[in-house]
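Trainee: If you want the building blocks of each chain, they are given just below.
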Amino acid sequence: MKLITAIIKPFKLDDVKEALKGVGVQGMTVSEVQGFGRQAGHTEVYRGAEYTVEFVPKVKIEVVVDAPQEMAVIDAITGAAQTGKIGDGKIWVTDIGGLIRIRTGERDADAV
Amino acid sequence: MKLITAIIKPFKLDDVKEALKGVGVQGMTVSEVQGFGRQAGHTEVYRGAEYTVEFVPKVKIEVVVDAPQEMAVIDAITGAAQTGKIGDGKIWVTDIGGLIRIRTGERDADAV
Amino acid sequence: MKLITAIIKPFKLDDVKEALKGVGVQGMTVSEVQGFGRQAGHTEVYRGAEYTVEFVPKVKIEVVVDAPQEMAVIDAITGAAQTGKIGDGKIWVTDIGGLIRIRTGERDADAV
Amino acid sequence: MEGADAWVLISTALVLLMTPGLALFYGGMTRSKSVLNMLLMNFYCLGIVPLLWVGFTSSLAGNGTGAWIGNFDLAGLSGLDGQGLLFTAFFMTFAAITPALISGAVADRMKFAAWAVFVPVWSILVYTPVTYWVYGLDADTGDLIGFLGERGSLDFAGGTAIHINAGVAALALVLVLGKRKGWPKQPMPPHNLPLVLLGTGLLWFGWFGFNSGAAPGIGGLDLTATALMNTFLAASAGMVAWLVVERLRDGHFTILGACSGVVAGLVAITPAAAFVGGLAGIAFGVVAAICCYFAIQLKGRLGYDDSLDVVGVHMVGGIVGGLLIGFFADTNILGVGDPEAFDEGLFFGGGADLLVEQAFSIVFVLIFSFVVTFAIAKVLDAIIGIRIDEADELNGLDGSEHAESAYDFGAAGRA
Amino acid sequence: MEGADAWVLISTALVLLMTPGLALFYGGMTRSKSVLNMLLMNFYCLGIVPLLWVGFTSSLAGNGTGAWIGNFDLAGLSGLDGQGLLFTAFFMTFAAITPALISGAVADRMKFAAWAVFVPVWSILVYTPVTYWVYGLDADTGDLIGFLGERGSLDFAGGTAIHINAGVAALALVLVLGKRKGWPKQPMPPHNLPLVLLGTGLLWFGWFGFNSGAAPGIGGLDLTATALMNTFLAASAGMVAWLVVERLRDGHFTILGACSGVVAGLVAITPAAAFVGGLAGIAFGVVAAICCYFAIQLKGRLGYDDSLDVVGVHMVGGIVGGLLIGFFADTNILGVGDPEAFDEGLFFGGGADLLVEQAFSIVFVLIFSFVVTFAIAKVLDAIIGIRIDEADELNGLDGSEHAESAYDFGAAGRA
Amino acid sequence: MEGADAWVLISTALVLLMTPGLALFYGGMTRSKSVLNMLLMNFYCLGIVPLLWVGFTSSLAGNGTGAWIGNFDLAGLSGLDGQGLLFTAFFMTFAAITPALISGAVADRMKFAAWAVFVPVWSILVYTPVTYWVYGLDADTGDLIGFLGERGSLDFAGGTAIHINAGVAALALVLVLGKRKGWPKQPMPPHNLPLVLLGTGLLWFGWFGFNSGAAPGIGGLDLTATALMNTFLAASAGMVAWLVVERLRDGHFTILGACSGVVAGLVAITPAAAFVGGLAGIAFGVVAAICCYFAIQLKGRLGYDDSLDVVGVHMVGGIVGGLLIGFFADTNILGVGDPEAFDEGLFFGGGADLLVEQAFSIVFVLIFSFVVTFAIAKVLDAIIGIRIDEADELNGLDGSEHAESAYDFGAAGRA
Ligand SMILES: Nc1ncnc2c1ncn2[C@@H]1O[C@H](COP(=O)(O)OP(=O)(O)O)[C@@H](O)[C@H]1O
Ligand SMILES: Nc1ncnc2c1ncn2[C@@H]1O[C@H](COP(=O)(O)OP(=O)(O)O)[C@@H](O)[C@H]1O
Ligand SMILES: Nc1ncnc2c1ncn2[C@@H]1O[C@H](COP(=O)(O)OP(=O)(O)O)[C@@H](O)[C@H]1O
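Chains as they are written, first to last, in numbering that gives the first Met the number 0: chain A, 0 to 111; chain B, 0 to 111; chain C, 0 to 111; chain D, 0 to 414; chain E, 0 to 414; chain F, 0 to 414.
Note that these hints are calculated values from the structure, not bench results. Incorrect hints may appear among the rest.
Simulated crosslink set (DMTMM-like; lysine to aspartate or glutamate; CA at most 20 angstroms straight-line) [to be verified]:
(1) C:K84 <-> B:E105
(2) E:K180 <-> B:E49
(3) A:K16 <-> A:D65
(4) D:K178 <-> D:E356
(5) F:K180 <-> C:D94
(6) B:K1 <-> C:D107
(7) C:K16 <-> C:E105
(8) C:K20 <-> C:D74
(9) E:K178 <-> E:E392
(10) C:K84 <-> B:E49
(11) C:K84 <-> F:D304
(12) A:K84 <-> E:E389
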């Protein structure tokens, strides 16, 4: 099984979710993160004191899929999350040793 | 070493934490996430406009353990987090190449 | 490629970020988590009722790097995050099967 | 227009603001998944109760010919002059906030539909008669004719009629409703303490109107200033006393403690505001804070889940204030000066009569309100059910009961 | 100093507080990435408008010799006595909050620099003449001389001049500005509903001053109490009516619904507060809540993005109130008693004249305000642009326009 | 009861609300891990100071026979009539908020136990004598007898006695206390700007009572209206001026800037509210906003960590206002009209005498308050320590000092 982790722009979450549904993904886990990268942060000013905020809000998506689905999922995410501007984010893939559905104890492909 | 990641229902966190302590786990890292899956989200209504919120609040637990403990940990989580209703969550396991305790620089089993 | 995950004390984030920049890291993803471990939590009291909060706020940093950089990154994090007091946190390393830059579709080392 | 009229006008606005203030005070103490439910339980009282009040409860609660209940002569705002209309509005704010006080006890687990019915029913069956007993006036002479007021017990701004009444009703209601899932094992700390401070500030601000809004007509500026000063001092002393007690017992000064002490002091001085003088307000604040602090610890032992301590603060604080009147009532205070105005307390040469009378009226209201509220709750529970589903309780009432979320701070919007 | 003066003084403070109250009411409804922008759009009105008002708009809006616009005789606060100065301050708070009302419609997408220019221009070109038409007094006789007021339409505290005026201006402005990215497909729920409740509480509190602050000078305590009671009842009834409607239509009672109902009721009673009596306030609240509830549903169909429902609540609520006066106006109410004081409504034997007159003035202001606001918006758009960049809109205006973040709850500080 | 009495009553409530308002204003600016500490530092002042005030400081600060300090004749509220009691309550709110002002400077690092002792000590040793110097009255004649007031310097509502006094005390205290860990390198932005706006709104609202509550007894409605209008205009102009300056210097309009400008304007007009007229309030607001904006930038360079700019806003704003009186004081304003009432300012033909006198009293208070506060802080530091542990500072004071968390928005409760 594969764990596909994607870091995307927050306002793209909806599109990515729909794209993933489109390729048959039935579950995913999402969290709010802060990203640091090429995309510049912004500056804040409080009573004349200027601060640089180097982190940019991002959304992290984790999807566990059966190995053969890997490419389809990556393509779906890439397609939906791309704006072409710096900061669109990353995707990385990890092998996982097993997936369990807590409710039933089902494993691996059955647990997805 | 193994990284065990579990997605559970938020109100089960306490029980899972106790169960993990029960099998000798001494550390874990927890975060708030939003889950999408079979469990239906809910509907919100603002001034007559209805929105479907497809995401459900979940808690993610990450535990790094020595390989032989893997099954005990999975069983502990499964036992404590199970309600039998849809949305109980998932567990997955990843191999990790090494664990380091920042304070001391200890590695692997010593760092747990 | 390697995914290096570090759990650190929140107020060390800035130092760690600078240290990572110092060893050539150009991107990372950060999130707020709660840690459970040897470091004691604290006690809260509301109208005479005492509660123990066992979780401690931590920051999680995820950095994907090319394999040869692994040690440099670990050393940078360890150096910057260490206070020598309990609770400094952990680092663990996972192999990842591939990294993709969403914006361009570049892969692996090119995508970092 | 007299200065006194201006003060009643603004006092009406001040007491109105106390209900949103109370909503925030309570709302900040709930968990974040049920805060809107708490806000709406409170705010709703400002919607429904005024409609009843101008309909007929104001008339029934205020004006009559017998000892037990008023008549319908002023129903529908009929026959009121400017003063009458103004005081109807002023006391409407009291009628609205009283059931709202109860809501804190039932946090996080009561069906909103049941609350929506409970409030008007309770207002009619409990608040209205109790208010008449304490404040009911003879439609002809204007003298106190309600049986508690007529016997001579004292309750200036609503200790017995409002705080004890609501506090014991809260107890009855939670006994029917049951405990929150997980209580007391699971910690359920306040989710937003700055809101609690804000609510406390608004309550204190409004309480000046609550306790002294009716004073000018009775004792002019002198009595009004007395009531205001008493109110101020009881709040200040309550805060300091609570901070000291919790520091000694728990090791910390807390913002929740400071706010609780303020409210305890304000509750206790409410019945007494125009009957005591000098520095007595300080005594009310100190005694109330200490008693309420310890009273709150009881719920764990006795096993009733009074979630936000309505019993511990309002019932107990009200009782403390009501009884202390038996010691501190003094006809020589600024604004009274008529030795026949009311019985004096033990410390001022009046013997124990007043104290007994105070105890009598308190016990009477405790029993009546408890029994009737318990009965209302049981009937409601039988008919529509007052407790929400377990799953909804775990997920929070904001979503299940109101289809709303209180907060959405995420960059990803609803993600 | 008279009691009446004290009431105007405090009413000035009350209405002042309504602008921060409105800021929080609106601010809680925006998304968290643009809340500061909303707060500042509102608060800024309390900065710039008073400077214009004491400069010359107060004089132009209030005092003159013709039907269309006042003169500069009182500009720069010249020639005012204590009462004059006090009322200038009192009405200054009205002048400030009116453009603030508009801001809710343009949430999350308007350049702040454009807003900063829009407010004073609109205040001068729209608010000032409209106010004169409705309230302008003959500099010599003190009689109503503004052409709408003089014709006999009634608007006690600013239904036509303020709510309808601002509401239709909001419509014009959003038509020029366009929709928020993603609207209506993307959900844009309120980010902080406790703030909305707080804002509503402050608005209700302040509205007592808004609607009855000017009453003592006209009809003494009697009329003031009437205006206050009407205001109270309309708000309560508006809340209950909205809750009932949404429960029937959407299945839930909501805190946003309760707050919306309160505001709808308050808007509708504003023009009528001193012209109707008895329980009429309840009718205003109920009708307004129902009409506004359904009016809000239209925006989706008609396709204009009135983000926080300024049109649906203020314009529609104002129209409802203005028209209901044509039915409920009654010279026998407490505080009037002079059958010649104004035309009576249909229900009180006055025939349809008043209703027609009300409709006329409403339509006139609707057209004027829409056209001039539209023109201002178009000109501003041509000169400096009124819409922010798409990227800035997606990231939120707080960062891009104001270089601030509203909240920072993280343990990691800015991490 | 007079209208004037009603205005003092409500002003007491208004100024009371300023302390919670200030708590929120400051609390929103701290980091989220120490907001409760800030709230409690402020709120505590409303607990402890009133107890001292009715005990003896009111008497000592207000009434005497010599130039330097009052006597104990009115201690324990003895011998007061209704007016006396009312004004004791009114000024009690001033006594309470003054030390609260200081708290903003020591945000995030002071032991609460040390603050708990500091407040009463400072109130007795600094606030009480300074107030007597400025406002002390001859117990027999009722004339100004405190040495600064008697010399002829003007301070209507507490520029020198309150804002300068608290501002320079804040400076002394932070010099003893030291900088926050990480300051100024580490950004420490406000954690909740909507709270700051709310606090500002409540402050502005309350400030009407602060600046004009005492005016009716001196100059009736005319003077009260003057004071109110001055207050209003200074706040508005302060906001606009700050927004303009920061836009020019930093490129953005900010909500924190708008709020800061309002407070700067209000501080500056405080001493002057009843001594200047016409549009002078605008000048006060503009000059204060500009001066405070630049004064704040100094702390980075001079290296003292005045965390929330108490020195930059209150001390500097107070000085600006105090000195501007020397230019703008005018006995021809509405409500005065007696050319002997006070010295006139430079712009109104009075020469430089008043300006010199203003400067003298300001410098005198600056030195006295600085020295005594510094000494108190040093002694406290030696006895109990005023700075918390480094680890506690890093983790936040809410947990370590108060065993509470401000917010808990998580679905997982305390997880
Ligand atoms: N090496 C990395 N490891 C982990 N996350 C990264 C890494 N590089 C970038 N990211 C994440 O991806 C986001 C986008 O990266 P950025 O360099 O800004 O743009 P782009 O992906 O278009 O090159 C970052 O905000 C961060 O969250
Ligand atoms: N393929 C997946 N990858 C990652 N997380 C998943 C996946 N499927 C489900 N989840 C997580 O598990 C949670 C529970 O899944 P769900 O399908 O609702 O119920 P169940 O686990 O009982 O089948 C989801 O809310 C989501 O957080
Ligand atoms: N086995 C583990 N798996 C995952 N995270 C862990 C584990 N043990 C510790 N952690 C994380 O590391 C943090 C620090 O660990 P702790 O035991 O308190 O101190 P130290 O690392 O100094 O021994 C914890 O708060 C937790 O977030």
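Trainee: Are F:K180 and C:D94 close enough, with their CA atoms no more than 20 angstroms apart?
Mentor: violated, 38 angstroms
Trainee: Holds or violated: C:K84 and B:E105, Cα atoms, limit 20 angstroms.
Mentor: holds, 14 angstroms
Trainee: Please work out if C:K20 and C:D74 have their alpha carbons no farther apart than 20 angstroms.
Mentor: The hint holds at about 13 angstroms.
Trainee: Tell me if the straight-line CA distance from A:K84 to E:E389 falls inside 20 angstroms.
Mentor: Within the cut-off at roughly 13 angstroms; holds.
Trainee: Within a Cα-Cα threshold of 20 angstroms, do C:K16 and C:E105 meet the stated pairing?
Mentor: Since the Cα atoms of C:K16 and C:E105 sit roughly 25 angstroms apart, the hinted pair is violated (cutoff 20 angstroms).
Trainee: Verify the proposed pairing of E:K180 with B:E49, using a straight-line Cα cut of 20 angstroms.
Mentor: The hint holds at about 19 angstroms.
Trainee: Take the C-alpha atoms of C:K84 and F:D304, compute the straight-line distance between them, and say whether it is at most 20 angstroms.
Mentor: It is violated: about 28 angstroms lies between the C-alpha atoms, which goes past 20 angstroms.
Trainee: Is it true that the CA of E:K178 sits at most 20 angstroms from the CA of E:E392?
Mentor: This hinted pair holds, its Cα atoms lying about 11 angstroms apart.
Trainee: Does the alpha-carbon distance linking A:K16 and A:D65 stay inside the 20 angstroms limit?
Mentor: Roughly 18 angstroms between the alpha carbons, so the hint for A:K16 and A:D65 holds.
Trainee: Holds or violated: are the alpha carbons of B:K1 and C:D107 at most 20 angstroms from each other?
Mentor: violated, 24 angstroms
Trainee: Hinted pair, alpha-carbon criterion (20 angstroms max): D:K178, D:E356. Please report holds or violated.
Mentor: Violated: D:K178 and D:E356 sit about 35 angstroms apart, past 20 angstroms.
Trainee: Taken at face value, is the distance from the CA of B:E49 to the CA of C:K84 at most 20 angstroms?
Mentor: violated, 51 angstroms
Figure legend: structure checked against the earlier numbered hints; hints not met, in rising order: 4, 5, 6, 7, 10, 11.
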